[in-house]
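Engineer: Just so you know, the sequences run in chain order A and B. Using our numbering, the letters of the first sequence map in sequence onto residues 1 to 268. Using our numbering, the letters of the second sequence map in sequence onto residues 1 to 278.
Hints may contain errors.
[To be verified] Label-pair restraints from in silico Cβ distances:
| id | chain 1 | residue 1 | chain 2 | residue 2 | range |
| --- | --- | --- | --- | --- | --- |
| 1 | A | 66 | B | 152 | 28 to 38 Å |
| 2 | A | 153 | B | 25 | 54 to 64 Å |
| 3 | A | 45 | B | 276 | 29 to 39 Å |
| 4 | A | 251 | B | 33 | 39 to 49 Å |
| 5 | A | 252 | B | 166 | 56 to 66 Å |
| 6 | B | 58 | A | 214 | 41 to 51 Å |
| 7 | A | 251 | B | 58 | 31 to 41 Å |
| 8 | B | 47 | A | 247 | 35 to 45 Å |
| 9 | A | 252 | B | 152 | 22 to 32 Å |
| 10 | B | 37 | A | 12 | 24 to 34 Å |
| 11 | A | 25 | B | 79 | 18 to 28 Å |
| 12 | B | 176 | A | 156 | 48 to 58 Å |
| 13 | B | 229 | A | 156 | 55 to 65 Å |
[Claimed, not checked] Here are the computed lysine to any residue pairs in the SDA-like style, where the Cα-Cα straight-line distance is at most 20 Å:
| id | chain 1 | residue 1 | chain 2 | residue 2 |
| --- | --- | --- | --- | --- |
| 14 | A | 215 | B | 69 |
| 15 | A | 215 | B | 202 |
| 16 | A | 215 | B | 203 |
Quick caveat, the hints were computed from the structure, so don't treat them as lab data. All of these numbers come straight from a predicted model, not from anything done at the bench. C-beta atoms are modelled at their ideal positions from N, C-alpha and C, and glycine is treated no differently.
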Amino acid sequence: MSCWETVQAYAFRSLGFGERLLPRDDFTLCQQVTLIGSGLIWNVYFGILALAAGFFLAVTVALGKSSPNPLLRKPSEWFIFIFRGSPLFIQFFFAYFLFLWLKSVSSIYDPFTSAWLGALVVLFLNTSAYTGEIFYGALRSIPRGEVEAADAYGFSGLRRFRRIIYPTMMRLAWPAYTNEAIFLFHATTLIYFSGFPALQQRGDALYYANYFADKTFNPFVPYPILAAYFIAVTLVIVAIFGMINARLNRHLPRESRPRMRFRFNLMR
Amino acid sequence: MACFLTTGKHLSFYSSFATVLLLLALTAPTALAFGFGAAMAARAPLAPVRWIGKSYIAIVRGVPDIAFFLFFVIALDQAFEWLRHKALCPDWDQPIRQGNDFVVCDAAKLPLGNSAQWVHEAYGFFVAILTFALVFGAFAGNVLYGAMRTVPHAQMETAEAYGMTRSQAFWRILVPQMWVYAIPGLSNLWMVLIKATPLLFLLGVEDIVYWARELGGSKTTRFTDYPHGDWRVWYFLGLLVFYLCFTRLSEIALERLTRRLSRGQATLGGEALRKAGA
Numbered sequence: 001m002s003c004w005e006t007v008q009a010y011a012f013r014s015l016g017f018g019e020r021l022l023p024r025d026d027f028t029l030c031q032q033v034t035l036i037g038s039g040l041i042w043n044v045y046f047g048i049l050a051l052a053a054g055f056f057l058a059v060t061v062a063l064g065k066s067s068p069n070p071l072l073r074k075p076s077e078w079f080i081f082i083f084r085g086s087p088l089f090i091q092f093f094f095a096y097f098l099f100l101w102l103k104s105v106s107s108i109y110d111p112f113t114s115a116w117l118g119a120l121v122v123l124f125l126n127t128s129a130y131t132g133e134i135f136y137g138a139l140r141s142i143p144r145g146e147v148e149a150a151d152a153y154g155f156s157g158l159r160r161f162r163r164i165i166y167p168t169m170m171r172l173a174w175p176a177y178t179n180e181a182i183f184l185f186h187a188t189t190l191i192y193f194s195g196f197p198a199l200q201q202r203g204d205a206l207y208y209a210n211y212f213a214d215k216t217f218n219p220f221v222p223y224p225i226l227a228a229y230f231i232a233v234t235l236v237i238v239a240i241f242g243m244i245n246a247r248l249n250r251h252l253p254r255e256s257r258p259r260m261r262f263r264f265n266l267m268r
Numbered sequence: 001m002a003c004f005l006t007t008g009k010h011l012s013f014y015s016s017f018a019t020v021l022l023l024l025a026l027t028a029p030t031a032l033a034f035g036f037g038a039a040m041a042a043r044a045p046l047a048p049v050r051w052i053g054k055s056y057i058a059i060v061r062g063v064p065d066i067a068f069f070l071f072f073v074i075a076l077d078q079a080f081e082w083l084r085h086k087a088l089c090p091d092w093d094q095p096i097r098q099g100n101d102f103v104v105c106d107a108a109k110l111p112l113g114n115s116a117q118w119v120h121e122a123y124g125f126f127v128a129i130l131t132f133a134l135v136f137g138a139f140a141g142n143v144l145y146g147a148m149r150t151v152p153h154a155q156m157e158t159a160e161a162y163g164m165t166r167s168q169a170f171w172r173i174l175v176p177q178m179w180v181y182a183i184p185g186l187s188n189l190w191m192v193l194i195k196a197t198p199l200l201f202l203l204g205v206e207d208i209v210y211w212a213r214e215l216g217g218s219k220t221t222r223f224t225d226y227p228h229g230d231w232r233v234w235y236f237l238g239l240l241v242f243y244l245c246f247t248r249l250s251e252i253a254l255e256r257l258t259r260r261l262s263r264g265q266a267t268l269g270g271e272a273l274r275k276a277g278a
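Let's have the full structure, built from the sequences with the hints guiding it.
Structural biologist: As structure tokens, then:
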């Protein structure tokens, strides 16, 4: 089979299209690159949807945590503590078995036991907690002067939040939020190793990389391929978030713009 | 109920908590040592050493950590066997990689094919610790490297003015002062390390995740005196609570440590403590 035929057969294997059987022997480099890349579709799917949905919950949770009203503050604090204080791996396991149990109660929960929805819900809640904490930190470090100036100009309530506080919060939080996006994307690799089944061998990039490493007993080919894919996507994330960062800070003189610093201390 | 909770398998479950704690106790210092070495290498005056240190720190960036875990477990195992193979069987003429198989001579197998069960488990645990230490060593190296650069430059200049050599200044001035700058990063790393322990399961160690899955699964009367349905959700709820308590306790302990280390330091935290005491 030529390489182009392999690409045709396996490019969308992770979604269930193309060749049914995974390669069993005579593994070629082309097969490995194609299949691992095919699995990457799932990583991108989980990453983008969880991040987009999590953004809104995160803003809500951050506002809740900084609220003076304990009825709003306590739930937000607990939500953040529970999802940041326990390993994502355990959260996936717990959620999977919880959904399995709920499935026996009502059939509404059927789709939740498959990864595309169940894991997405967990990732969504998890990233909301992490992002909420980032936004909360940004909210607390908004310069006093800006809020006082807003008060002096007669802004109040929703208008003050929307025009003054929210943009500054985004600006302050953006570098940390970029990190969060990168690590959320990396965390998507945990899904198929934590209970959620890869039906008909439709898995993510790490699932296929692990498949090849198990079959060939040679980790030195599939894992570097996986690493290359992930570094590429990380660079894309950095580029996109960097552009948004530049737009958020477009009113500031160039040298006083906050620099994006990338740290890797967020593994869950 | 009491009988159910003290069956042999449950005792294994409880002792696997000790496995996790043992892993943490062994990995944390090892990773710190690796990180310290990496940070020292990254500051070395000799360029090749510096490159090695910097690339070791940088290589973990951009790739999911779990991929490293899955990779290192096989890679380390094969590296050990390959080294032993070279040392023990010099007159072996067949290739080591035969198609999909990794073949070394019998004497080089790790652990030896005829060794006891506990040796196999201990070896698996050892590889797991080494894997954790390698990955977290790179994280710690990054933190320590940053901390070493944050120590005020004037301190090092003063050391030079007093006639200290490079290594004297490093050990007597830089190292004692860097910890307070490293503590936020290191305590973050400790939390991350705690939360990475369930990944032991992926490395093939019989840890708490393994036992929770085993014990929670449905049991019929054929295999046990205590049949029950699918209780895995409850076992994992237990694990969740265990980890929450553990991270909370660590947070409190690290908070105390930060206060202790800020004492007498030329930082805002140290200044606040001095004022509070006076």
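Engineer: CB of residue 229 of chain B to CB of residue 156 of chain A, is that within 55 to 65 Å?
Structural biologist: About 56 Å separates the Cβ atoms of residue 229 of chain B and residue 156 of chain A, which means 55 to 65 Å holds.
Engineer: Does the Cβ pair residue 66 of chain A, residue 152 of chain B satisfy 28 to 38 Å?
Structural biologist: This hint holds: roughly 34 Å between Cβ atoms.
Engineer: Regarding residue 252 of chain A and residue 166 of chain B, is the given constraint of 56 to 66 Å on their beta-carbon distance met?
Structural biologist: violated (41 Å)
Engineer: Quick one: are residue 37 of chain B and residue 12 of chain A within 24 to 34 Å, going by C-beta?
Structural biologist: Violated, at about 45 Å.
Engineer: Does the beta carbon distance between residue 58 of chain B and residue 214 of chain A stay inside 41 to 51 Å, or does it fall outside?
Structural biologist: The hinted range 41 to 51 Å is violated for residue 58 of chain B and residue 214 of chain A, with Cβ atoms some 29 Å apart.
Engineer: With a cut-off of 20 Å on the C-alpha distance, tell me whether residue 215 of chain A and residue 202 of chain B pass.
Structural biologist: Within the cut-off at roughly 17 Å; holds.
Engineer: Does residue 69 of chain B lie within 20 Å of residue 215 of chain A when you go C-alpha to C-alpha?
Structural biologist: holds (18 Å)
Engineer: Go ahead and decide if the range 48 to 58 Å is satisfied by the Cβ distance of residue 176 of chain B to residue 156 of chain A.
Structural biologist: Holds: the Cβ-Cβ distance is about 51 Å, inside 48 to 58 Å.
Engineer: Range hint 35 to 45 Å: satisfied by the CB atoms of residue 47 of chain B and residue 247 of chain A?
Structural biologist: With Cβ atoms ~40 Å apart, the hint holds.
Engineer: Measuring from beta carbon to beta carbon, are residue 25 of chain A and residue 79 of chain B in 18 to 28 Å?
Structural biologist: holds (25 Å)
Engineer: Are the Cα atoms of residue 215 of chain A and residue 203 of chain B separated by 20 Å or less?
Structural biologist: holds (17 Å)
Engineer: I want to verify a distance hint. Is the separation of the beta carbons of residue 153 of chain A and residue 25 of chain B within 54 to 64 Å?
Structural biologist: holds (57 Å)
Going through the hint list in order, the structure does not satisfy hints 3, 5, 6 and 10.
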